[in-house]
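Colleague: What follows is each chain in one-letter form.
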Amino acid sequence: MWNEIKNFFVSARRSTRDEAKGRLHLVLAHDRAGIEGAKLQELRAEVAAVIRKYVEIDPEAVEIHIERVSRQDSQLRVHSPLPTRGSVTS
Amino acid sequence: MGRAIVITSGKGGVGKTTATANLGCALAQLGHSVVLVDADIGLRNLDVVMGLENRIVFHLVDVIAGRCTTQKALIRDRRIEKLFLLPASQTDDKDSVTPDQMKALIIELKASFDYVIIDCPAGIEQGFRNAIAGADEAIIVATPEVSSIRDADRVVGLLAAQGTPTSLMVNRISPQMVKRGDMLSQADVIEILALDLVGAIPLDDEIVATTNRGLPAALNGKSPAAKAFADLGRRVAGEEPDPVRETGVGFFARLGRALGLSPA
Chain B
1 MWNEIKNFFV
11 SARRSTRDEA
21 KGRLHLVLAH
31 DRAGIEGAKL
41 QELRAEVAAV
51 IRKYVEIDPE
61 AVEIHIERVS
71 RQDSQLRVHS
81 PLPTRGSVTS
Chain V
1 MGRAIVITSG
11 KGGVGKTTAT
21 ANLGCALAQL
31 GHSVVLVDAD
41 IGLRNLDVVM
51 GLENRIVFHL
61 VDVIAGRCTT
71 QKALIRDRRI
81 EKLFLLPASQ
91 TDDKDSVTPD
101 QMKALIIELK
111 ASFDYVIIDC
121 PAGIEQGFRN
131 AIAGADEAII
141 VATPEVSSIR
151 DADRVVGLLA
161 AQGTPTSLMV
171 NRISPQMVKR
181 GDMLSQADVI
191 EILALDLVGA
201 IPLDDEIVAT
211 TNRGLPAALN
221 GKSPAAKAFA
231 DLGRRVAGEE
241 PDPVRETGVG
251 FFARLGRALG
261 LSPA
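Going line by line, the protein sequences match chains B and V.
By the numbering used here, the letter at position 57 of the first sequence is numbered 57, and the numbering carries on one by one without gaps.
By the numbering used here, the letter at position 67 of the second sequence is numbered 67, and the numbering carries on one by one without gaps.
Just so you know, these hints were derived from the structure itself, not from any lab.
Model, not experiment: these values are computed from the prediction.
Note that the Cβ used here is the ideal one computed from N, Cα and C, for glycine as well.
Mixed in with the good hints, there may be bad ones.
[As the list claims (entries may be wrong)] Listed next, the in silico DSBU-like pairs over lysine-lysine satisfying Cα-Cα at most 35 Å (straight line):
id: 1; chain 1: B; residue 1: K21; chain 2: V; residue 2: K222
id: 2; chain 1: V; residue 1: K82; chain 2: V; residue 2: K110
id: 3; chain 1: V; residue 1: K227; chain 2: V; residue 2: K82
id: 4; chain 1: V; residue 1: K110; chain 2: V; residue 2: K179
id: 5; chain 1: V; residue 1: K94; chain 2: V; residue 2: K110
id: 6; chain 1: B; residue 1: K21; chain 2: V; residue 2: K227
id: 7; chain 1: B; residue 1: K21; chain 2: V; residue 2: K179
id: 8; chain 1: V; residue 1: K103; chain 2: V; residue 2: K72
id: 9; chain 1: V; residue 1: K179; chain 2: V; residue 2: K103
id: 10; chain 1: B; residue 1: K39; chain 2: V; residue 2: K94
id: 11; chain 1: B; residue 1: K21; chain 2: V; residue 2: K110
id: 12; chain 1: V; residue 1: K82; chain 2: V; residue 2: K179
id: 13; chain 1: V; residue 1: K103; chain 2: V; residue 2: K11
id: 14; chain 1: V; residue 1: K72; chain 2: V; residue 2: K82
id: 15; chain 1: V; residue 1: K82; chain 2: V; residue 2: K103
id: 16; chain 1: B; residue 1: K39; chain 2: V; residue 2: K11
id: 17; chain 1: V; residue 1: K227; chain 2: V; residue 2: K72
id: 18; chain 1: V; residue 1: K179; chain 2: V; residue 2: K222
[Said to hold, decoys possible] Some residues of chain V that are not near chain B, with every Cβ distance over 10 Å (derived):
id: 19; residue: G2
id: 20; residue: Q90
id: 21; residue: D205
This is chain V alone, in the form it adopts within the complex:
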């Protein structure tokens, strides 16, 4: 029985879809079988981020409505073994699916895959309810910004209410800005949200370029973000690569810590 992990954030535009795609690639590269589920019905995007948009025939709503088998709707990624995508429908809307139907679908997928990674839509309404329904765990994606962290906190509360274990991925950290004192550090975000960190992804131009091509950075990238996503995959898989490197910790914070003068 596989693990179902939902990637969620509350706020839109913080990198959920990119994180889903790259985490999926990273896990598949470790040899695990992975299916990515786009739960953003009506606004699908995981297909384009993965570069698989031309191969969609059936989608999630077709499967749930019984118009095709689950097997038929899955798109196999030819670049890497054991990586599949279940695309969302672009024409239906969020309430064409119920949380119970999603749960049943995710359970079915867990029987054949090691990992079911669910890309959650923004917001905390029906689409969110559907996306978290079948998830065993959640990874919150937050950027080091007030609005993103505020929304993340709200989602953490909702997930806690239904007893879903939750961890944190901080996205788009600029070490230079943290050093200047113009950006919250990953330690700040951890402290505020009180979650365990599974990944910290630096701000990296390469992500925009790889997304243009539909080729997730983690597939063969050597950029800082690609490496950070590979680490995320290892950590999710239970390997303990290294502790998450703290990007952008200033000289004084490090010195203070080394001398035991300021808290870690």
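The following block holds chain B by itself, in its conformation from the complex:
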């Protein structure tokens, strides 16, 4: 609730300060994990292939992110659509 009150008074737009924070969290997660873009894409393709062994999915729809949880921990996040039974996948 406090954040709502604050946002009402402060401003609706996202401050450049918040933007800087968000970008830093992302860039530091990657830096700390030591995984470069190309390697991450390779990993994404391979993960998508593994998922496809079990369920019918569009491999292009699989997303992969590195997120910083704390100074010590980063985590890998994989998003994949899962077809519900009976639905038709493209």
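Using the hints, position chain V against chain B.
Modeller: Chain V in isolation, oriented as in the chain B frame:
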């Protein structure tokens, strides 16, 4: 046995040399004996920031190569007692010195001074390796900018790998910009880098003016940055002046904190 503290940042141009000079002056003003070591071989600058450039005869590489005694290369600052500078060489390059040689030199200096403050070059290569080799502790200088914090984080990782205790000095904070939401606050930088804060220096025109003169602000300045550097000195020396004042915390953040609604 004194303490050897390296001032480092990864990124260049964030104020390492200015911080080294002012921390040295602040510590000397508290009555400690201090030697400032310019480890930026080939690109020396601590001498000009200190206003001692006309008095250099020998330098760090001369000492390491055995061309003169350590004593001979030290320049005494006449404005304040017990403050000395060991300048870098301007003509050699970073790999004319090895980390082991630096370590031996710093140990030698620690025997005669309370504080050995080492000004580290930018980057994470040989010059950085040399500068951190003999340091017992490190102070990371970061400005509230994405590029500076990113590089600082990298350096924090390297220092952690060799087990060097590290603290943080946030430099050039503009309270007005933080208030407007256009600059990361010192709390943001602390949170991201997860380090203890030993100093927060406000953006201050006086630093440019005092550097023009070769007279570090902390020597006799009364500007906001000079005061913040004096506090930094006290905190490094283990006195606990006041908690680092948070510059530029907005009204709502303070109100929220006072009401216990938002985290400190």
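Colleague: Given the proposed pairing of V/K227 with V/K72, does the C-alpha separation stay at or below 35 Å?
Modeller: Since the Cα atoms of V/K227 and V/K72 sit roughly 33 Å apart, the hinted pair holds (cutoff 35 Å).
Colleague: Is V/K72 within 35 Å of V/K82, Cα to Cα?
Modeller: 15 Å, holds
Colleague: Are the Cα atoms of B/K21 and V/K222 separated by 35 Å or less?
Modeller: 33 Å, holds
Colleague: Quickly compare the C-alpha distance for B/K21 and V/K227 to 35 Å and report which way the hint goes.
Modeller: At roughly 28 Å apart (the allowed maximum being 35 Å), V/K227 and B/K21 satisfy the hint.
Colleague: Could you grab the alpha-carbon distance between V/K179 and V/K103 and see if it respects the 35 Å cut-off?
Modeller: 44 Å, violated
Colleague: Are the Cα positions of B/K39 and V/K11 separated by 35 Å at most?
Modeller: 26 Å, holds
Colleague: Can the restraint linking B/K39 and V/K94 be considered satisfied, given a maximum Cα separation of 35 Å?
Modeller: 33 Å, holds
Colleague: Within a Cα-Cα threshold of 35 Å, do V/K103 and V/K11 meet the stated pairing?
Modeller: Since the Cα atoms of V/K103 and V/K11 sit roughly 23 Å apart, the hinted pair holds (cutoff 35 Å).
Colleague: Does B/K21 pair with V/K110 here, judged by a C-alpha cut-off of 35 Å?
Modeller: 40 Å, violated
Colleague: Is V/K82 within 35 Å of V/K179, Cα to Cα?
Modeller: Violated, because 41 Å separates the two Cα atoms, which is more than 35 Å.
Colleague: Does the structure keep V/K82 and V/K103 at a Cα separation of 35 Å or less?
Modeller: Given that 35 Å is the threshold and the Cα spacing comes to 22 Å, the pair holds.
Colleague: Is B/K21 within 35 Å of V/K179, Cα to Cα?
Modeller: 15 Å, holds
Comparing the model with each earlier hint shows violations of hints 4, 9, 11, 12; every other hint is respected.
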